[in-house]
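Q: Assemble the whole structure, with the sequences as input and the hints as a guide.
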Amino acid sequence: MWIEALIAVTLLSAFAVFLSPDGAAGKLAFALSLLPLAGSLWMYSTYEASGNALLAGSELAFEETFQWVVAGDYALQWHVGLDGISMPLVALTTVLTSLALLASWTPIDERQSQFYGLMLFLEASLLGVFSALDFFVWFVFWEMVLVPMYVLIGVWGGPRRKYAAIKMFVYTNLASLVMFIGFVALVFGLGDVNSFDMPTVAQALRGGELGSLGPVGPDALKVAAFVAMFAGFAVKVPVVPFHTWLPDAHVEAPTPVSIMLAGVLLKMGTYALLRFNFTMLPGVAQDYATIIALFAVVSVIYGAMLALAQSDLKRIVAYSSVSSMGYVILGLVAYSLYGLGGATFQMIAHGLISGLMFMAVGVIYNTTHTRMVSDMSGLASKMPFTVTVFVAGAFGYMGLPLMAGFAAELFIFLGAFQSTVLASAPLFTAAAMFGIVIVAGYLLFAMQRTLFGPFEVETDYEVGHAAFHDVAPLVVLILLVVALGVDPGIFYDMIQNAVDPLVKTAGGGA
Amino acid sequence: MAALPFELAPAIAALPFVSFLIALLVGAFAPRLLPKGGAIPGILATAGSLLLSIWAFVAVSGSADGMYHEYITWVAGAGEATLDLHFGILLDPLSTMMLIIVSLVALLVHVFSLGYMNDEGETGLPRYYAGLGLFTASMLSFVFANNLLMAFMFFELVGLCSWLLIGFWFREEGPPSAAKKAFLVTRFGDYFFLVGVVGVLATFGTSMFVGSENMEAFPHIAEQVLAGEGAVEVTTFLGFEPQAWFAVLGLLILGGVVGKSAQFPLHTWLPDAMEGPTPVSALIHAATMVAAGVYLVARIYGFYALLPQVLAFIAFVGGFTALFAATMGVVKKEIKQVLAYSTISQYGYMMLGLGAGGYVAASFHLLTHAFFKALLFLGAGSVIIAMHHNENMWDMGGLKEKMPVTYYAFLSGSLALAGIVPFSGFWSKDEVLYEAFVHGLNSPLLLGAYAMGLLAVFFTGFYTFRMVFLTFHGEPRTDTARDPHGVGWNVKFPLAVLGILAAVTGLVNMVPVQKLLGVEGIDFLHQWLDAGPEVLSAHHYSTLTHDFAHYTAGTIGSADLTVLLSAGVSLGLALAGAGAAWLLYDVPEPVRHTDRLGRIKTVLFNNYYQDEFQVWLAQGVTLPVAKAADKFDQGVIDGVVNGASSVSLFGGSRIKRVQTGVVSNYAFLLTTGLIVLLVAFGIMGGWF
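As they're listed, the protein sequences go chains Z and C.
Last residue of the first sequence: number 510 in the numbering used here, and the count goes up by one each step with no gaps.
Last residue of the second sequence: number 1688 in the numbering used here, and the count goes up by one each step with no gaps.
What the hints contain is simulated information worked out from the structure, not anything from laboratory work.
Don't take every hint at face value.
Said to hold, decoys possible - DSS-like mimics (lysine-lysine), calculated; alpha carbons at most 27 Å apart, straight line:
| no. | chain 1 | residue 1 | chain 2 | residue 2 |
| --- | --- | --- | --- | --- |
| 1 | C | 1601 | C | 1333 |
| 2 | C | 1631 | Z | 162 |
| 3 | Z | 382 | C | 1036 |
| 4 | C | 1492 | C | 1036 |
| 5 | C | 1515 | C | 1402 |
Claimed, not checked - Computed footprint of chain C on chain Z, listed as stretches where at least three residues anywhere in the stretch have a Cβ under 8 Å from a Cβ of chain C:
| no. | segment |
| --- | --- |
| 6 | 298-309 |
| 7 | 329-342 |
| 8 | 426-432 |
| 9 | 438-449 |
Every residue, glycine too, gets a C-beta built ideally from N, C-alpha and C.
A: Following this line, the structure appears as structure tokens:
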């Protein structure tokens, strides 16, 4: 009931904004986005659930099931509900959307009603992705996300927007197809389960009910399905080497779209990995732990090295997302209490911090009309407030203690170090942890060159001032990041409550 | 129910944090309401911290178990096998002593800043005082942390504050670069520290320094494991035996220490950090950031005392750094540069002391050094004000008559630094060297570290008095030196306080006098650090170094002779160094004698090309690798992606030719397809 209302209100808001006049669209969209925001906060405050949404013996919050379509043996049902993993992500989505809408006021000046409508449409789809518990419902929302994203980049983007939008759309859509085939093969392999309900499928798979599909035996089917789903989700995360669409998309996308892309869309990939690969096929995940961990470490270090080589502020932040999402993969593959919990917490932490960084880069771009590190220096003397916030965000990204990123990374490192599924876990962990030095390197270099030193900006425009609605969302994000860093329990307790059953039943150390 | 001073313990760190918030928020929104740019709230806050620290110090000595321990959950988590992640406050003899040092130096630095920053008309004062407040608060929290994780967290915040303050003058090129270097180099050390923290938590399930009802202390668990006592078991990793694994953990934690305490090879950030305002240098060197590393080793000495290899390593790093840095101090031109290298060198002594089993000696040197180094930096700051911010000693000379308060205070600090009896530095440095010497007699490895430390004494005496004579003696060499800028009470008062402390602090621990004259009970510091809980006491540590590292004290001739010999040699070397400086530089027109060293001077002046090496690592290796990775990414990985799309586009353009629009062609294809399908199904279904 509540989840449906949340999604419906957001969709209706989207339509209302579509129909509104251009001049009012921005304010209207922001005002309307406060509804789902308030709704999700209310849901958080009344949230009462225990266990993992896909496993037996758990108590879900706001759960709702009813028959939808019956097709032959297969009954498709509307099934939504929240557990400790999805609740924080729903909250993240609503918070970031409202702030991203605020951050759109300055840069978006044409076709505003369409832009803001699409942003709300995007929000509705994302809420669906994080709350759906039936595969088909989930998949519809999953694909629905791509449509507004494609248009938002393709219409309001930079000079190479067409290329970036098509690349993102084709690449991730192709990946979805591969993943779809993998999952459907599993369901067919289950024989008489005849359901696409995610908890049912997960419990059947964990119960070892998988049979053969044609000539393919259950073991091979598991591995093949795992690989297909992993590849599909890895593009979304993105895991190196499937990451090349991301920097292009970010560089071309307008600031608010980048915020949504880095802050929420990437988390769809890791969320799905956790829900599908790591919940449904824990055995395969553990058998291939070393290889997956290798992907994770390479993503962290290689992503950070790429960020080091960039000279465009937005590209730096874009590549550092690749690096940060690598930590999530490391936490997942560790398959331990703090590993899985930390991975989920990192989704939230990175969502807020990367949103913050893209927003800050956006504010700098709005005022200087350049993003190139070499084109500016000494911004601190002209825009002290923005620079203060930028510095705070950058240190958050570096994992400064008492900010959310530190807590998330600490949990992941603890979980990975102790992992019993991963051979030589401490070595993998230590290798990935070196990312914290490189991230400090490129952010400090970039800040030194752009923010400090004598003031100079090479641009044809006059350097302006940041508006209140540009910096207000930054302050909100910093406060949230600090709050989560000082008291991670705001989300972490419910997260750990939801991942604990996974670890307990599949075994992976503390 | 804890006693009142203990209940107020969180306020020790909270007060400066509030002054940070006041300076930050009021400074941003209503700067006119901020008295003295934030100095007054800062002074009040640090004074409050100092009083509370003293109160806690007194209360600790009066409490039943000699300590106060408070446990605050940080992350509870849910599920099975949760780890012990918490904050907490541990007040014991060591931490309360350090709290007093930190809050006292911070208070004096705030007062001095009135003269150095406010009176000089600097802009951005709220930012400056906000930084000082946060710096003090972070360091105080680090000091009273009751576990390694919390210590790490505030250790990192200390790093952030150093970045903020070293880069205070951000409009110039130098300071932001120095700030970046300081953070990056110490971050490199902290990387190892964090791996160590994670390792400790994974191994012991806790990182507590002292036991509580919830959990045992990790050094104590380690001790039980190594002693084979009881049924205590821990998880080790990568197939290591406990002894070796603990050594690995100890070395990892040491990475953070080497970074923050500027030990070789991570010392390079510290001389650059002189780009910051001088009061900040005083704070960083004497009481906060640099002291944090050594303090951490002392804090978990119960762990290090179990690991002989790591102890030897600490002693060697310390001894080597002491000598290495002292040689570079000999040729520097700028007064703050000399002091920077002396800091590196002096922290080397503390490391030497800790590595050699001299827990009390090293803590003693930490105490005396805090006062005399804060004094020297503030004295240098006074000179810099007088010289209109010219720091080159060759432009000074003859300042003695013009600024007597600064001169005598600075002289007191210099005598302490050089280790001349009876100034404080003599007593503490002598005790460090004595510990290294007597333990070295039975563990010859330590003698090497001792020898380096001993040799450094000569250089210390030389560079210290070279600095004093060049700055204050002889004839003024420039117009500025002839007519220096005056300094106010806010500069003289901190100097006077510290000048007295630098002279007399040695009296708290006159161990040689006690040994030689048999006067009992004047080793107050020893007694103090021996009070408190058993597992954190000095005698427990010496039992551990004796049992696990097999440190025993040797003698030459008699015990008295050994004491005399050790003290005599180090004092003699210090005097020789000071005397050499006196001969060469205490003349009306000193010349650059170090030029005669020729190429050696060039090497020393360029810091053995250590900086060049590290800059090369960053810019000559890492950056090109990153660029190459970027090229690879754009060319190969993205090339494959774009290639795949080109292939499919090309394929599409060919396949679309099938659509000829001729119906008979379609009919042909349809039929063919049907037949192929039928055959395929037939084969699979086994029709044939």
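Q: Checking against the hints above, which ones are violated?
A: Failing hint: just 5.
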